[in-house]
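Chemist: Chains as they are written, first to last, in the working numbering: chain B, 1 to 144; chain G, 145 to 268.
The hints are simulated quantities; they were obtained by calculation from the structure and are not laboratory data.
If you're wondering where the values come from, they're calculated on a predicted model, not measured in any experiment.
The reader is advised that the hints may include incorrect statements.
Residues from chain G that face chain B, not an exhaustive set, calculated with beta carbons under 8 Å [said to hold, decoys possible]:
{"hint": "1", "residue": "Tyr178"}
{"hint": "2", "residue": "Pro182"}
{"hint": "3", "residue": "Pro253"}
The C-beta atom is built at its ideal place from N, Cα and C for all residues, glycine as well.
Listed here are the chains, written in short residue letters.
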Amino acid sequence: MIYRSLFPRDVMSELDRLQRELQQTFHFSPSIRGIARGGFPAMNVGGTPQSVEIYAFAPGIDPATLEVQIEKGVLTVAGERKLPSAAEAATVHIDERFAGRFRRVVTLPDDVDANAVDARYRDGVLRISIARKQSAQPRRINIQ
Amino acid sequence: MSDNAPVKKQATRDEAALLPPVDVIEDASGITLYADLPGVPKDGLHLQVEADTLTIEGEIDLEMPGGMEASHAEVSLPRYRRVFTLSKELDAGKVTAEFSEGVLRLSIPKAEHAQPRKIEVRVT
Numbered sequence: 001m002i003y004r005s006l007f008p009r010d011v012m013s014e015l016d017r018l019q020r021e022l023q024q025t026f027h028f029s030p031s032i033r034g035i036a037r038g039g040f041p042a043m044n045v046g047g048t049p050q051s052v053e054i055y056a057f058a059p060g061i062d063p064a065t066l067e068v069q070i071e072k073g074v075l076t077v078a079g080e081r082k083l084p085s086a087a088e089a090a091t092v093h094i095d096e097r098f099a100g101r102f103r104r105v106v107t108l109p110d111d112v113d114a115n116a117v118d119a120r121y122r123d124g125v126l127r128i129s130i131a132r133k134q135s136a137q138p139r140r141i142n143i144q
Numbered sequence: 145m146s147d148n149a150p151v152k153k154q155a156t157r158d159e160a161a162l163l164p165p166v167d168v169i170e171d172a173s174g175i176t177l178y179a180d181l182p183g184v185p186k187d188g189l190h191l192q193v194e195a196d197t198l199t200i201e202g203e204i205d206l207e208m209p210g211g212m213e214a215s216h217a218e219v220s221l222p223r224y225r226r227v228f229t230l231s232k233e234l235d236a237g238k239v240t241a242e243f244s245e246g247v248l249r250l251s252i253p254k255a256e257h258a259q260p261r262k263i264e265v266r267v268t
């Protein structure tokens, strides 16, 4: 597991993260697609009883060029990030921002409804909201 | 505003923050800095130039439904911070900034006297 975090933090929180990730490595069985960290765009995934929420941190991209696809329970976010190229006479001192084509894939839980998807782009974050199926929602069962 | 600025600075310095990726490009007229700050709305961005220190800070504000539980988080802190030391020939008073869709573009021009000048060599 060698990777560079896209958003590195200060040393103390890096140690913290290391400890947490070691724990995760030994206690969980990761998905076959991993959810590789350090790729672009960085992703956060969360859920409520009604929906699954995916946040892709993809700043400075024309939302019309983003490809979002759900197929067989797998969500794909793909696109290309073009950065203005530096003029010939200019010197590049730091070059850390991602440029080029990207594709990230997230395995969705079984109970999502692929037809009830809402995707919005705001402040450089793509938020994809996928509703869970009605039948999967928790129901209170009355005892006769 | 200026009265409580040092207090605020003290408070934010102790909080852990993510380091946003940047590009820094220099040409004859000055330095252009690009920083990726996804999730930061315009009013969440704080730029400060103090003496020769440039501080970029941004508070992330995501719309989250109530009761959401995170299952995977790569952006795991709600703020970004990055500090740069400017060099003398840069004119800190003339920094201009643009911020759109999570990308910050800062232009820091070189001071007049530091602009490159072609020196003519005269043969006498």
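Chemist: List in ascending order the numbers of the hints, as given earlier, that are violated by the structure.
Modeler: Hint 3 contradicted; others consistent.
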